[in-house]
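Chain by chain, the residues:
Number of protein chains: 6
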Amino acid sequence: MNPPLINQLGVVQRRIVRADAAAVARLSHFGVATIHEAMGRVGLTRPYLRPIYAGAQACGTAVTLLMQPGDNWMMHVVAEQIQPGDIVVAAVTAECSDGFFGDLLATSFQARGACGLVIDAGVRDVKDLTAMKFPVWSKAISAKGTIKATLGSVNIPVICAGALVNPGDVVVADDDGVVVVPAAIAQQVADAARQREDLETTKRAKLASGVLGLDMYQMRGPLEKAGLRYLD
Amino acid sequence: MNPPLINQLGVVQRRIVRADAAAVARLSHFGVATIHEAMGRVGLTRPYLRPIYAGAQACGTAVTLLMQPGDNWMMHVVAEQIQPGDIVVAAVTAECSDGFFGDLLATSFQARGACGLVIDAGVRDVKDLTAMKFPVWSKAISAKGTIKATLGSVNIPVICAGALVNPGDVVVADDDGVVVVPAAIAQQVADAARQREDLETTKRAKLASGVLGLDMYQMRGPLEKAGLRYLD
Amino acid sequence: MNPPLINQLGVVQRRIVRADAAAVARLSHFGVATIHEAMGRVGLTRPYLRPIYAGAQACGTAVTLLMQPGDNWMMHVVAEQIQPGDIVVAAVTAECSDGFFGDLLATSFQARGACGLVIDAGVRDVKDLTAMKFPVWSKAISAKGTIKATLGSVNIPVICAGALVNPGDVVVADDDGVVVVPAAIAQQVADAARQREDLETTKRAKLASGVLGLDMYQMRGPLEKAGLRYLD
Amino acid sequence: MNPPLINQLGVVQRRIVRADAAAVARLSHFGVATIHEAMGRVGLTRPYLRPIYAGAQACGTAVTLLMQPGDNWMMHVVAEQIQPGDIVVAAVTAECSDGFFGDLLATSFQARGACGLVIDAGVRDVKDLTAMKFPVWSKAISAKGTIKATLGSVNIPVICAGALVNPGDVVVADDDGVVVVPAAIAQQVADAARQREDLETTKRAKLASGVLGLDMYQMRGPLEKAGLRYLD
Amino acid sequence: MNPPLINQLGVVQRRIVRADAAAVARLSHFGVATIHEAMGRVGLTRPYLRPIYAGAQACGTAVTLLMQPGDNWMMHVVAEQIQPGDIVVAAVTAECSDGFFGDLLATSFQARGACGLVIDAGVRDVKDLTAMKFPVWSKAISAKGTIKATLGSVNIPVICAGALVNPGDVVVADDDGVVVVPAAIAQQVADAARQREDLETTKRAKLASGVLGLDMYQMRGPLEKAGLRYLD
Amino acid sequence: MNPPLINQLGVVQRRIVRADAAAVARLSHFGVATIHEAMGRVGLTRPYLRPIYAGAQACGTAVTLLMQPGDNWMMHVVAEQIQPGDIVVAAVTAECSDGFFGDLLATSFQARGACGLVIDAGVRDVKDLTAMKFPVWSKAISAKGTIKATLGSVNIPVICAGALVNPGDVVVADDDGVVVVPAAIAQQVADAARQREDLETTKRAKLASGVLGLDMYQMRGPLEKAGLRYLD
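Chains as they are written, first to last, in numbering that gives the first Met the number 0: chain A, 0 to 231; chain B, 0 to 231; chain C, 0 to 231; chain D, 0 to 231; chain E, 0 to 231; chain F, 0 to 231.
Treat the hints as calculated values from the structure; they're not laboratory data. Be careful, since some hints might not be right.
Sample of chain B residues with no beta-carbon within 12 Å of chain A, all distances over it, derived [stated by the list, open to error]:
| # | residue |
| --- | --- |
| 1 | Lys-147 |
| 2 | Ala-183 |
| 3 | Met-215 |
| 4 | Gln-217 |
| 5 | Arg-228 |
Cross-link-like lysine-lysine pairs, in silico, BS3-like; alpha carbons within 30 Å at most [claimed, not checked]:
| # | chain 1 | residue 1 | chain 2 | residue 2 |
| --- | --- | --- | --- | --- |
| 6 | F | Lys-202 | E | Lys-126 |
| 7 | B | Lys-132 | C | Lys-132 |
| 8 | F | Lys-205 | E | Lys-147 |
| 9 | E | Lys-147 | D | Lys-147 |
| 10 | D | Lys-126 | F | Lys-202 |
| 11 | C | Lys-202 | B | Lys-202 |
| 12 | D | Lys-132 | E | Lys-224 |
| 13 | A | Lys-132 | C | Lys-205 |
| 14 | D | Lys-126 | E | Lys-205 |
| 15 | D | Lys-132 | F | Lys-132 |
| 16 | B | Lys-126 | A | Lys-202 |
| 17 | B | Lys-126 | C | Lys-126 |
| 18 | C | Lys-202 | F | Lys-224 |
| 19 | C | Lys-224 | A | Lys-147 |
| 20 | F | Lys-147 | F | Lys-132 |
| 21 | B | Lys-205 | C | Lys-147 |
| 22 | B | Lys-224 | C | Lys-224 |
| 23 | C | Lys-132 | A | Lys-126 |
A virtual CB, placed ideally from N, CA and C, is assigned to each residue, including glycine.
Okay, chain A solo, but in the shape it has when bound (with noise of 0.2 Å):
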């Protein structure tokens, strides 16, 4: 491990630990909403990173990158670390609605294998992307190109909308947001995710059958004991 760094920009860590394979596998199966579930409700991104189009799923090892407001050339040094299977995660040092990304870096980084972008920040081309089917979890979408003068880093532990997220961690992205798995409990996570669904399932049959969560999950009496009262 390397010491710590005071200035953390202006750094690319060629070698990352990827989460395992199978881990990932498993995780795909899963929405994001069970499995933040499935961690104790916690490594969610702010809701306000939405996909570019309705339907967008991915889910892969992360890569990471942090750049400065209205730059976006660490985007081209990302390009060259990823692998097959790999999501790429921007974050920026400040807010920024720019549109850091559009169809050119997606060609290149759908040629590299990725399977999709989260990033903190504003993206363009769209219509190009959703064509493409190249899937963008994002801030915003601004038309507003960026330049390329100053340094930020590569595959370090970056904030991507409020989430920390390390190069290698599992990103799961669908229509209710985005979730990092961190790659030492993968395969834990899968597990547990995998117990909440069943359940699930069970339940969905109840509950359309037409009984109430009230008793299905016997909530009359720690109601009551709370204080509920029922008034006619």
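Dock chains B, C, D, E and F against the given chain A, drawing on the hints supplied.
Same frame as chain A, but now just chains B, C, D, E and F:
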């Protein structure tokens, strides 16, 4: 009527007076914009409530609930109070974007006959909700789960996204937003909406033929009187 | 040219100089992102203006109007000034999310030959507007109606969502946002956009074949010079 | 009581029942946080309402008004309904940041005996209002003027920044925000607030002496039961 | 006059025509609210621009600059163009909250005779700026620094927080916000503001004595005609 | 070190390594802007965190906590972990503006020796906190109370307003915002900040005497090379 309560939380009102079914049926034919105009340009929720899918539409009688931030316990309590044709209106005592509602609760609500949900907070499982055609108007989409620890109330008057909703009121929602029609004036509003819509059909044809609103509405005189100057 | 007005409200400029039709036709082939880059990364409205439906696209000459919050009287005045191929650009003197525009006005605008509306406020009847294929870029969707009581102006320079629009300017809008091209430089911008797009076709093919932007743009030298360090 | 109105705009209710003066006097000794806790954590406006100067404080009986965006005509109508000790509560039918209120109206309100203004919109002349010591809680500060063209209503129930306010209710406001106490429970709430405050004095002394909340509130057991683990 | 530029970035206009000094002096006696009313309720920046300290006040002739997000290089270029009595007006091509300005630049601007800064972005060192009594109206306060890598322009027309500012215009700012008076009408606006203020003195006295606006402005007739109903 | 936890909630880390006291003392002499520059323009929280009173200042070692929205139970748990000179850093798993902290907790924190609080949520009793001179940087001021029902964690790494904070890191906060200095580089950062500040003193004197930044920083050449044109 019950005496005023110092603590309005912890109460479920079982008996509510729903708006006349015929009036509800009539109101279901009009858009939200038409109805709020018929009421004198009032009754709308704030426009930040948006449908989770394009083309969502609902018209029903309100069953209401008030929850604390991050706690959806009352969702299960309200389910029991739903009657076919109801729409659930959920308010929170403070701003919260958590996902208070997902596909399991939607299954339960749909089994009880609910025709939709209006919620001043977040929801999740939007892909499933869309597939189920269960329309929801919400402030946010968020995978963030909630707990079941504090009491709220069911079927008390609530303020949802800036609009007062009494249990039994008619709530109409479409792509333009959400409007609340007090039960006592539902017939009157339906009458006024009908009149307005009849007028609009004629106007639309005129405008389509090239007649100007300036002439159709006889605005030239008032504009001149107000001081409008034409320059060349 | 008219002398400066102490009160810029209450004026309709009937004669405006529209951008050259050939230039408008040429600009209609480019996306908003390409055009704003061709202009030196300026001319965009703020990204909070969004199309009311995915895939919306428009390119026309601007007729402009300035309104007071909650008052859409000038919408009827501007209708008369529309010529085929125009796009209406509406500004408001203060922030307002009311629905200033709906299906009746759209019918009128379409009958006059307008190809779209850009508005720094809200619109309504979005289902109808979508069915009519009348593209609108707006700040909000709101059923809230407006009154007709105060004067604004038509065909004066306006600031719409942070962009200056002079009557006759070319306005291009798509899924990425809205860009304003001053009439006097429309041909030049079309030339520059053409050059840019030609280059992009070649680049896209290279990137798709796996060539990295790092090599294609010869960035390795500059990055090293800027101090980028690779760690293993 | 009057029958429900299809159009709630255009009405001035002259006779309102103000909360008991003794209860208002008692409530004036408590902070907003204490009062809302005494009511069961309800009754607050959204926290975006902020005082225009630090240390602002007011407690009075509500006279209410509902206005349309950009139009402050009803401010003059409400002035006549003010009685000494009243606080004016102003709502708007849609979001608007215009300056509905300035030093002239404040002079008039103060002459009538009003002790403050709570408004879900903007105000101006804040330097003068501060000098006059006329406290205002508002959503925005804006020099933007309004017109006098459309009717609203005075002394109807209004929703102000998410809180329901009935004419005659007690409204208490300080640096922490604004709380609404229904007139019918003002005495009860004052009792509960008194109890709460008495308890807090003792608690404050204990905490100041170094006693931990963990011990004072006997939380160690419940925390352990909930599963809290201490690691070294 | 120079021909239109396809790229408006990279230009410094050295010669600008400043508004008449006598007009500026006269305008400095009025508040922002009064001036914008005298202009017909136009000319304001959006209300999100706020002074960094209470009581800030400035009136000067505008020197303008346009910057790219995260890059304050042009701040040093504009410094050379400042003449005593100028106020600097800074716009950015996209939304950015970075701190573009701090105590060093303020020292330089003050040495050149600038009387303030209006910026549609962030500033820092606000404690020092307050101590120096250098008034700033900004969108944000942020310690985040910027780079010096991309060109912008100086003394071109800019749009700052929604207001068009031409170099040489009079900019007046106080606790209520910021207003822009085009140089050509500065005297006229000063005249109108004087008239308005004279009237207000009389009105204030009347209102303070208890006369109602309803009577002073003779509103009772128009209100009745508009349909206002008084209920008891 | 402990193994990774699938559920990071429900844990209190008692033993943390605090940054060297001498380094903390040295850092306390610098402003937030200086420190973040010394670190390479990183380490800041988002600028929406604001001090509750002007002139607030704090520099201490972080004790951290993570809470669920609307639940401040962990505030009492963290109190026990405070040592003199600590600053408490509070994060929430989802956006929440509730008042998690007031004068009672401040009394307890102050008794334990805490020098301030940084919280990505709301606080209340701000008048008392100001009188106590207990500095707080928060996202909101809200009287809304919280419950004590769900576990969070104490002294785990947290993300607060976009910044990663490890227990023991140095947190410096003033009117410009909040910056986090990793414990391991505290001395280095203090060195760099000292250098930077020394340079600034000289620069300030030059700029005050009228020297331009253009000359002092030798920018004229680079600007010309970048293509800056001066027009007359």
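Hint-by-hint comparison with the structure:
1. Lys-147: 7 Å, violated
2. Ala-183: Since the minimum Cβ distance to chain A is about 21 Å, Ala-183 (chain B) lies beyond 12 Å and the statement holds.
3. Met-215: 38 Å, holds
4. Gln-217: Since the minimum Cβ distance to chain A is about 42 Å, Gln-217 (chain B) lies beyond 12 Å and the statement holds.
5. Arg-228: With a cut-off of 12 Å, Arg-228 (chain B) remains clear of chain A, as the shortest Cβ separation is near 37 Å.
6. F:Lys-202 with E:Lys-126: Since the Cα atoms of Lys-202 (chain F) and Lys-126 (chain E) sit roughly 19 Å apart, the hinted pair holds (cutoff 30 Å).
7. B:Lys-132 with C:Lys-132: 25 Å, holds
8. F:Lys-205 with E:Lys-147: Status holds; Cα separation ~20 Å.
9. E:Lys-147 with D:Lys-147: At roughly 49 Å apart (the allowed maximum being 30 Å), Lys-147 (chain D) and Lys-147 (chain E) break the hint.
10. D:Lys-126 with F:Lys-202: 36 Å, violated
11. C:Lys-202 with B:Lys-202: 52 Å, violated
12. D:Lys-132 with E:Lys-224: Roughly 36 Å between the alpha carbons, so the hint for Lys-132 (chain D) and Lys-224 (chain E) is violated.
13. A:Lys-132 with C:Lys-205: 19 Å, holds
14. D:Lys-126 with E:Lys-205: Distance of about 21 Å is within 30 Å: holds.
15. D:Lys-132 with F:Lys-132: It holds: about 25 Å lies between the C-alpha atoms, which stays within 30 Å.
16. B:Lys-126 with A:Lys-202: 19 Å, holds
17. B:Lys-126 with C:Lys-126: Holds, at roughly 21 Å.
18. C:Lys-202 with F:Lys-224: 28 Å, holds
19. C:Lys-224 with A:Lys-147: 13 Å, holds
20. F:Lys-147 with F:Lys-132: 27 Å, holds
21. B:Lys-205 with C:Lys-147: OK: Lys-205 (chain B) and Lys-147 (chain C) at ~20 Å, within 30 Å.
22. B:Lys-224 with C:Lys-224: 69 Å, violated
23. C:Lys-132 with A:Lys-126: 17 Å, holds
The structure shown violates the earlier hints numbered 1, 9, 10, 11, 12 and 22.
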